[in-house]
Amino acid sequence: MWRNGRDRYGLISIGFHWTLALAFVGLFGLGVWMVGLSYYDPWYNASLALHKAIGIVALALALAKFGWRFADPKPALATDLKPHERAGAAAMHWLLNALIVLVPATGYIVSTSEGAGIDMFGLFEVPAVVGTSEGLRDLAIDLHYYLAYGGLALAAGHAGMALKHHFVDRGSTLKRMLNPRAPFGRGG
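So the mapping is simple: the working numbering equals the position in the sequence shown, first residue as 1, plus 125.
Treat the hints as calculated values from the structure; they're not laboratory data. Please note that a few of the clues may not be correct.
Said to hold, decoys possible - Listed next, the in silico DSBU-like pairs over lysine-lysine satisfying Cα-Cα at most 35 Å (straight line):
no. : residue 1 : residue 2
1   : LYS289    : LYS207
2   : LYS199    : LYS289
3   : LYS300    : LYS199
4   : LYS207    : LYS190
5   : LYS190    : LYS300
6   : LYS190    : LYS289
As the list claims (entries may be wrong) - Distance windows between CB atoms, simulated:
no. : residue 1 : residue 2 : range
7   : PRO208    : ASP166    : 48 to 56 Å
8   : MET126    : LEU220    : 24 to 32 Å
9   : LEU248    : VAL160    : 24 to 32 Å
10  : GLY140    : LYS289    : 21 to 29 Å
11  : ARG131    : PRO167    : 47 to 55 Å
12  : ALA212    : VAL157    : 28 to 36 Å
13  : GLY140    : PHE246    : 17 to 25 Å
14  : GLY282    : LEU188    : 18 to 26 Å
15  : LEU303    : LYS207    : 16 to 24 Å
16  : HIS142    : HIS209    : 22 to 30 Å
17  : GLY282    : PHE195    : 24 to 32 Å
18  : THR144    : ARG211    : 23 to 31 Å
19  : TYR169    : ARG295    : 17 to 25 Å
20  : LEU202    : LEU162    : 40 to 48 Å
No experiment lies behind these values; they were computed from the predicted model shown. Yeah, the Cβ is synthetic: ideal placement off N, Cα and C, and Gly gets one too.
Modelling step: build the complete structure from the supplied sequences, incorporating the hints.
This is the structure in C-alpha coordinates:
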(Lines of atoms letter the chains of each structure in order from A; the text may use other names.)
(Lines give C-alpha, C1' and ligand atoms only; values in the text may rest on other atoms or scores of the structure.)
Protein backbone atom coordinates (compact mmCIF):
# COMPACT_ATOMS: atom_id res chain seq x y z
CA MET A 126 0.00 0.00 0.00
CA TRP A 127 2.93 2.39 0.62
CA ARG A 128 4.69 1.55 -2.63
CA ASN A 129 3.35 1.68 -6.15
CA GLY A 130 1.94 -1.49 -7.59
CA ARG A 131 2.03 -2.60 -11.19
CA ASP A 132 -1.29 -0.89 -11.81
CA ARG A 133 -1.90 1.49 -8.88
CA TYR A 134 -0.21 4.29 -6.99
CA GLY A 135 1.02 3.81 -3.42
CA LEU A 136 0.46 6.19 -0.54
CA ILE A 137 3.89 7.80 -0.87
CA SER A 138 3.40 8.69 -4.55
CA ILE A 139 -0.14 9.87 -3.81
CA GLY A 140 1.21 12.03 -0.97
CA PHE A 141 3.87 13.59 -3.20
CA HIS A 142 1.27 14.28 -5.92
CA TRP A 143 -1.27 16.05 -3.73
CA THR A 144 1.27 17.87 -1.53
CA LEU A 145 3.05 19.28 -4.58
CA ALA A 146 -0.26 20.17 -6.25
CA LEU A 147 -1.39 22.05 -3.14
CA ALA A 148 2.00 23.76 -2.81
CA PHE A 149 2.01 24.82 -6.47
CA VAL A 150 -1.51 26.28 -6.36
CA GLY A 151 -0.93 27.87 -2.94
CA LEU A 152 2.37 29.42 -3.98
CA PHE A 153 0.79 30.72 -7.17
CA GLY A 154 -2.02 32.37 -5.21
CA LEU A 155 0.40 33.79 -2.66
CA GLY A 156 2.65 35.07 -5.45
CA VAL A 157 -0.19 36.84 -7.25
CA TRP A 158 -1.40 38.36 -3.98
CA MET A 159 2.02 39.51 -2.77
CA VAL A 160 3.05 41.26 -6.00
CA GLY A 161 -0.04 43.43 -5.60
CA LEU A 162 1.08 44.63 -2.16
CA SER A 163 2.83 47.94 -1.75
CA TYR A 164 6.32 47.87 -0.29
CA TYR A 165 4.94 49.51 2.85
CA ASP A 166 2.16 46.99 3.39
CA PRO A 167 2.68 45.13 6.69
CA TRP A 168 2.35 41.80 4.83
CA TYR A 169 4.87 42.64 2.10
CA ASN A 170 8.01 41.23 3.73
CA ALA A 171 6.23 38.40 5.55
CA SER A 172 4.48 37.16 2.40
CA LEU A 173 7.71 37.31 0.42
CA ALA A 174 9.62 35.35 3.09
CA LEU A 175 6.82 32.77 3.28
CA HIS A 176 6.69 32.42 -0.52
CA LYS A 177 10.46 31.87 -0.69
CA ALA A 178 10.58 29.33 2.15
CA ILE A 179 7.60 27.31 0.93
CA GLY A 180 9.08 27.42 -2.58
CA ILE A 181 12.31 25.85 -1.29
CA VAL A 182 10.28 23.17 0.51
CA ALA A 183 8.38 22.51 -2.73
CA LEU A 184 11.65 22.20 -4.65
CA ALA A 185 12.99 19.74 -2.08
CA LEU A 186 9.75 17.74 -2.26
CA ALA A 187 9.92 17.68 -6.06
CA LEU A 188 13.48 16.35 -5.95
CA ALA A 189 12.44 13.78 -3.32
CA LYS A 190 9.54 12.77 -5.57
CA PHE A 191 11.98 12.07 -8.40
CA GLY A 192 14.18 10.08 -6.05
CA TRP A 193 11.14 8.08 -4.98
CA ARG A 194 10.15 7.52 -8.61
CA PHE A 195 13.63 6.14 -9.29
CA ALA A 196 13.33 3.80 -6.28
CA ASP A 197 9.67 2.94 -6.91
CA PRO A 198 8.67 3.31 -10.59
CA LYS A 199 5.21 4.62 -11.32
CA PRO A 200 2.50 2.20 -12.42
CA ALA A 201 1.43 1.81 -16.01
CA LEU A 202 -1.14 4.25 -17.33
CA ALA A 203 -4.73 3.15 -16.86
CA THR A 204 -5.81 0.57 -19.42
CA ASP A 205 -9.01 2.48 -20.18
CA LEU A 206 -7.15 5.35 -21.90
CA LYS A 207 -7.22 5.71 -25.68
CA PRO A 208 -3.84 5.91 -27.50
CA HIS A 209 -4.05 9.70 -27.96
CA GLU A 210 -4.98 10.08 -24.28
CA ARG A 211 -1.98 7.99 -23.28
CA ALA A 212 0.32 10.18 -25.39
CA GLY A 213 -1.26 13.34 -23.97
CA ALA A 214 -0.97 12.05 -20.40
CA ALA A 215 2.71 11.19 -20.91
CA ALA A 216 3.46 14.66 -22.33
CA MET A 217 1.44 16.39 -19.60
CA HIS A 218 3.22 14.46 -16.83
CA TRP A 219 6.62 15.23 -18.34
CA LEU A 220 5.86 18.96 -18.56
CA LEU A 221 4.35 19.17 -15.07
CA ASN A 222 7.32 17.31 -13.60
CA ALA A 223 9.70 19.73 -15.31
CA LEU A 224 7.73 22.72 -14.02
CA ILE A 225 7.62 21.58 -10.38
CA VAL A 226 11.41 21.92 -10.47
CA LEU A 227 11.86 24.87 -12.83
CA VAL A 228 9.39 27.24 -11.16
CA PRO A 229 10.93 27.05 -7.67
CA ALA A 230 14.46 26.87 -9.12
CA THR A 231 13.94 30.14 -11.00
CA GLY A 232 12.40 31.62 -7.84
CA TYR A 233 15.52 30.58 -5.94
CA ILE A 234 17.72 32.33 -8.53
CA VAL A 235 15.61 35.50 -8.28
CA SER A 236 15.70 35.44 -4.48
CA THR A 237 19.43 34.83 -4.16
CA SER A 238 20.67 36.86 -7.12
CA GLU A 239 21.95 39.61 -4.86
CA GLY A 240 23.98 37.20 -2.75
CA ALA A 241 21.61 36.76 0.20
CA GLY A 242 20.34 33.32 1.20
CA ILE A 243 16.74 32.29 1.89
CA ASP A 244 15.55 32.16 5.49
CA MET A 245 13.70 28.92 6.18
CA PHE A 246 11.09 29.88 8.78
CA GLY A 247 13.81 31.15 11.14
CA LEU A 248 15.33 27.66 11.43
CA PHE A 249 18.23 27.89 8.98
CA GLU A 250 19.23 29.63 5.78
CA VAL A 251 19.55 28.17 2.30
CA PRO A 252 22.67 29.86 0.92
CA ALA A 253 22.97 31.64 -2.39
CA VAL A 254 25.01 29.55 -4.81
CA VAL A 255 24.90 31.76 -7.87
CA GLY A 256 26.87 34.97 -8.07
CA THR A 257 25.22 38.33 -8.44
CA SER A 258 24.06 38.97 -11.97
CA GLU A 259 21.42 41.47 -13.01
CA GLY A 260 20.99 39.76 -16.38
CA LEU A 261 20.49 36.35 -14.80
CA ARG A 262 18.07 37.85 -12.28
CA ASP A 263 16.00 39.51 -15.01
CA LEU A 264 15.87 36.27 -17.01
CA ALA A 265 14.90 34.28 -13.91
CA ILE A 266 12.12 36.77 -13.06
CA ASP A 267 10.62 36.38 -16.53
CA LEU A 268 10.98 32.60 -16.51
CA HIS A 269 9.51 32.30 -13.01
CA TYR A 270 6.48 34.36 -14.05
CA TYR A 271 5.75 32.62 -17.36
CA LEU A 272 6.54 29.11 -16.11
CA ALA A 273 4.24 29.63 -13.11
CA TYR A 274 1.34 30.77 -15.30
CA GLY A 275 2.05 27.99 -17.80
CA GLY A 276 2.22 25.48 -14.97
CA LEU A 277 -1.11 26.63 -13.59
CA ALA A 278 -2.70 26.27 -17.04
CA LEU A 279 -1.23 22.76 -17.43
CA ALA A 280 -2.34 21.79 -13.92
CA ALA A 281 -5.87 22.98 -14.71
CA GLY A 282 -5.82 20.93 -17.92
CA HIS A 283 -4.48 17.93 -16.01
CA ALA A 284 -7.23 18.23 -13.39
CA GLY A 285 -9.85 18.77 -16.07
CA MET A 286 -8.83 15.63 -17.92
CA ALA A 287 -8.81 13.60 -14.69
CA LEU A 288 -12.36 14.79 -13.98
CA LYS A 289 -13.41 14.02 -17.56
CA HIS A 290 -12.01 10.50 -17.32
CA HIS A 291 -13.77 10.02 -13.98
CA PHE A 292 -17.21 11.52 -14.62
CA VAL A 293 -17.66 11.20 -18.40
CA ASP A 294 -15.65 8.09 -19.27
CA ARG A 295 -16.23 6.41 -15.89
CA GLY A 296 -12.55 5.44 -15.90
CA SER A 297 -10.18 4.61 -13.07
CA THR A 298 -7.61 7.40 -13.52
CA LEU A 299 -8.73 9.67 -10.67
CA LYS A 300 -9.48 6.80 -8.32
CA ARG A 301 -5.91 5.56 -8.69
CA MET A 302 -4.57 8.91 -7.44
CA LEU A 303 -7.03 9.08 -4.55
CA ASN A 304 -7.01 5.53 -3.22
CA PRO A 305 -4.07 3.08 -3.28
CA ARG A 306 -6.55 0.20 -3.16
CA ALA A 307 -8.63 1.40 -6.10
CA PRO A 308 -9.39 -1.29 -8.67
CA PHE A 309 -7.61 -0.95 -11.98
CA GLY A 310 -9.24 -0.53 -15.38
CA ARG A 311 -12.58 0.75 -16.65
CA GLY A 312 -15.12 1.70 -14.05
CA GLY A 313 -12.83 0.59 -11.23
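Can you name, in rising order, the numbers of the hints this structure does not satisfy?
19
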